[in-house]
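Novice: Here the protein sequences come in this chain order: E and Z. Following this note's numbering, the numbering of the first sequence begins with 3 at its first residue and continues without gaps. Following this note's numbering, the numbering of the second sequence begins with 13 at its first residue and continues without gaps.
What the hints contain is simulated information worked out from the structure, not anything from laboratory work. We put the CB at the ideal spot given by N, CA and C, even for glycine. There could be a bad hint or two in this list.
Pair by pair, the computed Cβ-Cβ distance ranges are [what the hints assert, rightly or not]:
hint: 1; chain 1: E; residue 1: 129; chain 2: Z; residue 2: 36; range: 29 to 39 Å
hint: 2; chain 1: Z; residue 1: 36; chain 2: E; residue 2: 193; range: 14 to 24 Å
hint: 3; chain 1: E; residue 1: 147; chain 2: Z; residue 2: 20; range: 13 to 23 Å
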Amino acid sequence: MTPTPPIPDVDVDTLRCEIQNEYAEVAAHPDKGFHFHTGRPLAKILEYDEALLEGIPEPAIQSLAGTGNPFNLGDIPAGARVVDIGSGAGLDSLIAAKMVGAEGRVIGIDMTSEMLEKACRAAAEGGFDQVEFKEGYVESLPVQDGWADVVISNGVMNLCPDKVKAYKELHRVLKPGGKLQIADILVAKPVPEGAKRDIDLWTG
Amino acid sequence: MVAAAGLENFEITWSKEVFDGAPQSSSAAAFGTTGINFRANKPL
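This is chain E alone, in the form it adopts within the complex (with noise of 0.2 Å):
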């Protein structure tokens, strides 16, 4: 078995404010132009599916900052229960919401109130009442146990330091059987202790 790394040497609340104020500038300002792409020009990078954002709100769209794409890894069935780790905007919340259809269930969540507050007003103007948006940590999910069929992401996962606490979290929302899908990065690189005790280097 593969040793598991030891926990980056960071104070978790100035590493949540920090990805905080990157973020709220993302909803704000999503074409201000940062370290990563965003909006329309990701998704085709991404490979989403021009039929995937038909029907999602413009903003929800604009506001898109993820690493890849949980949808192409399997579409999500009708009916299904799906929680969005770090829904952001809300675009793949309101995709996964179609795929659902009106017997699903979404739950999105996210850390940002600005985010949070720009994906409630994409759901209520494309009319996705199977959808709710929730303020939370990846730590620390306001999900019941067991409530998910699947659970997805996009670029989140690295963000949280005691990665094998946080996919405990994913595993204690899913159910027996449950899907993850997700989409993150991959540093093949080793980087050097100073490095991840660096907090510019976690959003940039």
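Keeping the supplied structure of chain E fixed, place chain Z upon it in accordance with the hints.
Specialist: Coordinates of chain Z only, in the frame set by chain E:
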């Protein structure tokens, strides 16, 4: 980490250099960072 959390059948299905050409310079290239998609599941 995924397996340590009790999840199984971890599989990376896609990888791409998603930070190339971003408006601001990034530390991504220095560490060989790519975007990935992966799946896993909770055991029955």
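Novice: Is the gap between the beta carbons of residue 36 of chain Z and residue 193 of chain E within 14 to 24 Å?
Specialist: With Cβ atoms ~20 Å apart, the hint holds.
Novice: The hint says 29 to 39 Å between residue 129 of chain E and residue 36 of chain Z; measuring C-beta to C-beta, is that right?
Specialist: About 36 Å separates the Cβ atoms of residue 129 of chain E and residue 36 of chain Z, which means 29 to 39 Å holds.
Novice: Return holds or violated for the Cβ distance of residue 147 of chain E and residue 20 of chain Z against the range 13 to 23 Å.
Specialist: Distance hint for residue 147 of chain E, residue 20 of chain Z holds at roughly 19 Å.
Violated hints: none; the structure is consistent with every hint.
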